[in-house]
Structure formats: structure tokens, C-alpha cells
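**Student:** In the order they appear, the protein sequences are chains A and B. Following the working numbering, the numbering of the first sequence begins with 29 at its first residue and continues without gaps. Following the working numbering, the numbering of the second sequence begins with 23 at its first residue and continues without gaps.
Among the hints, a few may not be true.
No more than 25 Å apart at the CA atoms, straight line, and that leaves these computed lysine to any residue pairs for SDA-like [what the hints assert, rightly or not]: (1) Lys-437(B) <-> Asn-44(A); (2) Lys-162(B) <-> Ala-78(A); (3) Lys-449(B) <-> Ala-144(A); (4) Lys-150(A) <-> Asp-460(B); (5) Lys-61(B) <-> Lys-150(A); (6) Lys-162(B) <-> Asp-460(B); (7) Lys-153(A) <-> Asn-30(A); (8) Lys-61(B) <-> Met-29(A); (9) Lys-152(A) <-> Asp-49(A); (10) Lys-376(B) <-> Val-130(A).
The calculated label-pair distances, taken between Cβ atoms and stated as ranges, are [claimed, not checked]: (11) Ser-298(B) <-> Pro-128(A): 38 to 44 Å; (12) Lys-34(A) <-> Asp-288(B): 49 to 55 Å; (13) Glu-392(B) <-> Leu-48(A): 30 to 36 Å; (14) Gly-184(B) <-> Leu-48(A): 25 to 31 Å; (15) Glu-123(A) <-> Pro-403(B): 30 to 36 Å; (16) Ser-117(A) <-> Gly-184(B): 45 to 51 Å; (17) Gly-149(B) <-> Ser-32(A): 26 to 32 Å; (18) Glu-123(A) <-> Ala-221(B): 54 to 60 Å; (19) Glu-120(A) <-> Glu-392(B): 25 to 31 Å; (20) Pro-129(A) <-> Asn-341(B): 49 to 55 Å; (21) Ser-32(A) <-> Ala-221(B): 49 to 55 Å; (22) Asp-52(A) <-> Pro-403(B): 31 to 37 Å.
Think of the hints as simulated: they come from the structure by calculation, not from any bench. We put the beta carbon where it would ideally sit given N, CA and C, even for glycine.
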Amino acid sequence: MNYSDKVVDHVERPRNVGSLDAQDPAVGTGLVGAPACGDVMKLQIRVSDAGVIEEARFKTFGCGSAIAASSLVTEWVKGRTVEQALAISNREVAEELALPPVKIHCSVLAEDAIHAAVADWKRKKGK
Amino acid sequence: MENSRQARSRPGRVETLPGETYTAGLAGSLLLETQELVKIPIYMDNHATTPLDPRALDAMLPYLKDEFGNAASRSHAFGWRAEEAVEGARAEIARLVGAQAKDLVFTSGATESNNLAVKGVAEFHAGKGKHLVTTAVEHKAVLDPMKALSAHGYEVTVLPVGADGLVDPDLVKRSLRPDTILLSVMAANNEVGTVQPIAELGAIARAAGVLFHVDAAQAAGKIPFDVEAMNVDLASLSAHKMYGPKGVGALYVRRKPRVRLTAQMDGGGHERGLRSGTLNVPSIVGFGKAAELARAEMAEEAVRVGALRDRLWAGIQANVELATVNGSLERRLAGNLNVSFAYVEGEALMMAMKDVAVSSGSACTSASLEPSYVLRALGVPDDLAHASLRFGLGRFNTEEEVDHVVRLLGEKVAKLREMSPLWEMAKQGIDPRSVRWDEEDRA
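Using the sequences and the hints, build the whole thing.
**Tutor:** Here is the structure:
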């Protein structure tokens, strides 16, 4: 696949790889995708009492664009409120990384991961 | 899967690569490196295509320059010399596969040969029957023509294969019917390199009076393949899979007893009327030279390349846990190794190994989102098909390249597993396959 330099950069130097403590009440975990489909993203966020995302970590099983999309959204969500994070659209991700049409689903997955992580955090907070 | 490599490296760049590095973390650090020379990028995708052997190139050059005649020009020396060169090549290629020279029809490659064989037989013998039999692991150049025919009243039986990649001859026998006109089975598979029992299948087809077509694109020049001994009626050959040039191939069409088929290209009546069009003389000459070299060097080369493949697999096993071979390791082309690295997606691994040209059965290397249909036919679970790499070793690979690739694999698989949520689960004792995933299609 002939990827953009941004994708290659994220794959070669992925940002915020790792895990946060999923048991921590301030941490929301989103796990989306499926191994049989070739991509699984785990996105974790640590959210302050004020509702600001202070930290984000990812682990991804997937192709270059899936890794790049998850790496990118960890950078984007950091410092945003959860509501602002939810406003991130797959289209923005796809445009930023110049994903080829066949890889658009990777950006959809990244958006899904944000929503799943926020939903998990909200559930923990009883919101 | 052939289009998947990133071509970011400059070909021919020679880099010094560190072997073992010992670093003492004291002030004025001591750095001791064992260094070796490996030419970057490393080509290990010889099922996609092989490099042109310099000896084949040398044979071709005169026909790209002064010897430009049309082999069909009967009235002057330019034509005669071109024809002589073509007939010499035809004889060499025939010798490689145990055929008579006149039985070979030159084409643009194995895809055209497969189309001509399948459609040509189907069309010509429609009066006898409209049933075709093939296997699930054939190249698309066989499966797609059959699919096209099935939309025109033909019935196609696609036989399954075992986990070893092999078709069961008894199953083949039982699938043949009075209205079956063609059995088409590849000699060696392009993804997993598995070698089908062609002689056995040939005997079955012959006894049943069914024409037998063999796609031998990957096998010819690599393993013994003899159309007489194996009762093959039609065989597709390709030059660029045996260190010849691209854009030229052949279809073996048996004359005794005569196999009849309908031409798919009408025109000047070249090639016994089966394939009109001016012959590609330089490429045919290169094909002939490649066939001659393959015949002379096949036995020795299979041993050498097989040793490289075994070295690669031994190295992987020693350096990477949870790596599994797809398909039979015994009944396989010497140069093929198809391995799944659990919890690591194949395309990501190829990107990580950017100076090594291989291919993957991962969906992400194709236009569709489905992983390799060949691996699926072998019963490889989708998650492992996505995690597969195909190594195609060949004439020009070296032990140093293999060792370098093993080291890179060890390093990059570990790095990607550190990044893999599935690996994390597995390490925590959770089998990712026991998890309920949302498998809806997101495309």
C-alpha cells in the first residue's frame, strides 16, 4: 500500500503505545474491531474530574493505517474534554492521514474506539 | 497481493547492517559490532515474479537490436532468423516439461494460457458437456474464467483441499461425471507452495476421458513436471516465474491424442491458429534460455534453495514464538514458506520490515477486506490469515539475507506484539478467540 508520509511516520514512531489501569475509575477503555476482520483497537483515556482527557494510550492489531489512526487519535484526544473528543469524526482522521479509500474503515474504527472508551468511562462514573 | 509492497527503498543500496552489538554503558562507551554486508532491499517475493537471469537477458539482447524480424515473415532472412530463434526456444521449453515442441503455443503469460485452456475447452466441448472441475486454491486466472463460464450455463465444481493444501484424488475421481469436460488443478500453489499429486490426478482424468489442464506457472522449472508421464493434456507456463522475462508464457496443448479447443484470439492464425498475434521474439528467446537453465540447474537449485528455506524456518522457530507454517511443509516448493505470526497483522509487519520484499495473505494487502482465499481454503482461521507472510526464496537469495530477515522478524514481531491488544490478552491468559467480537463489516 502506498501510504502517506504521515501514516508511515505514525507506524515507525507510534505515539502513546501502552496500557492504563483498566480498573482505575478515571480510566475509560474502548476495545473495538475483531481479529477475524484483521483489526482490533484498544484505546484508553484517563479523564480528570473536570472531564478533560489527561492521558491516552493505545494498542492496535491491524494494518499500517489502523496503527496510524489509533496513534493519531491518542494525540488528538489528549487535552480535550470528553465531549470534544466525541466530536472527532472519522473523516478528519482519514483526511489527516490521507488514507486510501480501501482503508477508510480504519478511521471509522478509530472513531468507534473513542466512543467506546468514553462510554466505558461514563459507565464507571455512573453518568 | 503482489501490489502491496511499499517501494520506498532505493534498489541496489548497499548498507552496513549491525550484526551483534555489544554496548557497555560506561562513560566513553565501548561499541563492538560484528558487521556484514547485505544488499538492501532484500527480494524474497519470488512467487510474484523472479528477477531476469542475466544469461537470459544476454540471449535476448540481439533480438531487441539487430534481429528484429517477424517470425511469421517467410520471404526473407530477417523472418527466417527470428523463426529459427523462436523454434529453438520452443524446443527448450518443450524439453523442460517433457512435451513435443509443436505442442506449445506461445501466449502473453500464464493468465492468458489459463484463459485459453479453460474457455477454449469449455467452448469447443460444450456439445459433450458443460461441467468443469477445479479446486478452491487455484489462481484467480483459473477460478475467474470458470466463474465467467458459470454465468453462461456451465456448471463448476470447486473441490476443497485439506489443511495441508492438497486435494484428495478420491474426491476428484468422484467429482467427474459423464458431462465433465475439464479438470483443472495447479501443480504448485502460488501462496503456500504446496505441490498437488498431478500424476495421480492425470491418471484419473485419463481413465475418465476428461481433459486435464494444469496451471504449472509456479512449478515448471522448480520441480520435475512431465506432461507425458503425468497424463497432462494442457499446461500453462510462465517465463517470469522461472527467471525469464515478463509478458510471455505458453500453453501446452497435446496433439497426440489431439486436444481440441477454441481459440480466444482470432487474427493471423499464428500458433496453430490457437493464438493469433505476432510473436514476441526477444521474450520468447529469453523464455527459452530460462527453460534451458532451469532444466540444467533445477536439481541442484532445489537443494540449495530448500536449504535456505529450512534455514529461514529454523531461524524463525528459534527467534519468534507462536509462528505456524500454513500448508504442508513436506509437499511444497523448495523456495516457499508461508508463516502466520499470531497477533501481528501481516501488512503492518511488512511495513515494519520495509527493506524486505515479501507478501501477505492479510486482507489489508488487497482491495477487498477478505484475507487470502487460499489460506481460508486450508482452514487457516481468519485471524491467522491476516497474520501471514509469504516468503518466496529463489535463485539469487543468500544465507546472509536469510539471517538478516530472521533477525529483523524477531525484532519487529516483538515490537508489534508489544503494540497488539491481542498479544496482551494472550499474555494475560485470555484467548482472543474466546472473546465475543463485533464482526460487522465496516467497509
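**Student:** So, against the hints stated earlier in the document, which numbers end up violated here?
**Tutor:** 2, 5, 6, 7, 14, 17, 20
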